[in-house]
Amino acid sequence: MAKLNAEVDTTTAAKYRVRAFPTIVLLKPDGTEIDRLLGYSRAPEYIRQVEDYLAGRNTLAALEAEIATKGNDPEFVMNLAEKYYGHGYFDKARTQYLRLVELDPKNVSGQVDDALYTVARMYRKDKDYDSTRKYAGMIIDRYPTADMFRPAHLEIAGAWRRQGEWKTARKLYLDYVKHFPDDEDAPYAREQADTLAVRIAAKNGKGA
Amino acid sequence: MGKAVKAWGWAAVLAFTLVVGACQQAKPVVPKGVAWNLSIDAALADAQKTGRPILLDFYTDW
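Each protein sequence line maps, in turn, to chains A and B. Residue numbering for the first sequence follows the working numbering, beginning at 1 and increasing consecutively. Residue numbering for the second sequence follows the working numbering, beginning at 1001 and increasing consecutively.
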């Protein structure tokens, strides 16, 4: 057993693609990864997961071995996508999330909006804001009753903001407040709009 | 603070479980806390001697 401060031993943290804390990685004695646990969970759940992994159940390797037989099952594909994501294999994760979108166009699984949202966020981290808007926009166009319908609006506004298109972003934040005044994120949208108004005014002042 | 304490608590519980599991067929052992390695190399060296898997806990002091 080893306890590593990921901020100190950055080489090992990078080697195991650790991006969230805490991350517990289980290794075979030869150092190859069995699987990992991300974040906090209750002790019984935690122990059950470790036991599963040590028995070779629900590991990335086990899931990959099932692709040939279960590769068309939306639930399986979502699990696989999340597994890749947790392991830091973002390209593979993206491929599987988008595979789910193809397999379940009507969102019977209820997870397609989550998949699209994660893809949009991955593109945001890559600073590919056009793609962020494309995939968040798909949620808005296709799944108006889904959980991620409202967050998708904020994601699009955020993409414009990060790109420096403050006026467009501000308008979208204000639209959000107008359309969803009682939403729990409405105060956040209002705050963003106000901050952008200050920035826009400062920029205009400088230019004058 | 609360989360960090919880994480330590769970790590200790887990370590206890693993130690007990490993010693099931031997005489009962009262665990005296976790002897954590503080480097991956030390953990790998241990694991190669004992043939047991490694639990690698990446944490931060945030």
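Where hints are given, some of them may not hold.
In silico lysine to any residue, SDA-like type, Cα no more than 20 Å apart, as pairs [what the hints assert, rightly or not]:
(1) 1049/B x 15/A
(2) 3/A x 1060/B
(3) 28/A x 1060/B
(4) 1049/B x 26/A
(5) 3/A x 1049/B
Computed, partial: chain B to chain A, Cβ under 8 Å [unchecked claim]:
(6) 1042
(7) 1048
(8) 1054
(9) 1059
Pairwise CB distance ranges (calculated) [unchecked claim]:
(10) 147/A x 1046/B: 52 to 62 Å
(11) 147/A x 1041/B: 17 to 27 Å
(12) 1032/B x 91/A: 18 to 28 Å
(13) 1050/B x 137/A: 45 to 55 Å
(14) 1041/B x 41/A: 27 to 37 Å
(15) 48/A x 1062/B: 22 to 32 Å
(16) 125/A x 1045/B: 20 to 30 Å
(17) 41/A x 1046/B: 21 to 31 Å
(18) 1032/B x 137/A: 50 to 60 Å
(19) 62/A x 1050/B: 45 to 55 Å
(20) 64/A x 1052/B: 44 to 54 Å
(21) 1062/B x 41/A: 16 to 26 Å
(22) 130/A x 1049/B: 36 to 46 Å
(23) 1041/B x 125/A: 39 to 49 Å
If you're looking for bench data, these hints aren't it; they were derived computationally from the structure. Glycine is no exception: its CB is placed at the ideal position from the N, C-alpha and C atoms.
Structure-based check of each hint:
1. 1049/B x 15/A: Distance of about 23 Å is beyond 20 Å: violated.
2. 3/A x 1060/B: holds (10 Å)
3. 28/A x 1060/B: Judged against 20 Å, a Cα distance of about 24 Å means the pair is violated.
4. 1049/B x 26/A: holds (17 Å)
5. 3/A x 1049/B: holds (19 Å)
6. 1042: holds (7 Å)
7. 1048: holds (6 Å)
8. 1054: holds (4 Å)
9. 1059: holds (5 Å)
10. 147/A x 1046/B: 52 to 62 Å: violated (45 Å)
11. 147/A x 1041/B: 17 to 27 Å: violated (45 Å)
12. 1032/B x 91/A: 18 to 28 Å: Taking Cβ atoms as reference, residue 1032/B and residue 91/A lie about 45 Å apart, which means the hint is violated.
13. 1050/B x 137/A: 45 to 55 Å: holds (54 Å)
14. 1041/B x 41/A: 27 to 37 Å: Holds - the Cβ-Cβ distance for residue 1041/B and residue 41/A, about 29 Å, lies within 27 to 37 Å.
15. 48/A x 1062/B: 22 to 32 Å: Between residue 48/A and residue 1062/B, where Cβ atoms are some 27 Å apart, the hint holds.
16. 125/A x 1045/B: 20 to 30 Å: Since residue 125/A and residue 1045/B have Cβ atoms about 36 Å apart, the given range 20 to 30 Å is violated.
17. 41/A x 1046/B: 21 to 31 Å: Holds - the Cβ-Cβ distance for residue 41/A and residue 1046/B, about 26 Å, lies within 21 to 31 Å.
18. 1032/B x 137/A: 50 to 60 Å: holds (58 Å)
19. 62/A x 1050/B: 45 to 55 Å: Check failed, 25 Å falls outside 45 to 55 Å.
20. 64/A x 1052/B: 44 to 54 Å: Violated, at about 25 Å.
21. 1062/B x 41/A: 16 to 26 Å: Holds: the Cβ-Cβ distance is about 19 Å, inside 16 to 26 Å.
22. 130/A x 1049/B: 36 to 46 Å: violated (54 Å)
23. 1041/B x 125/A: 39 to 49 Å: violated (32 Å)
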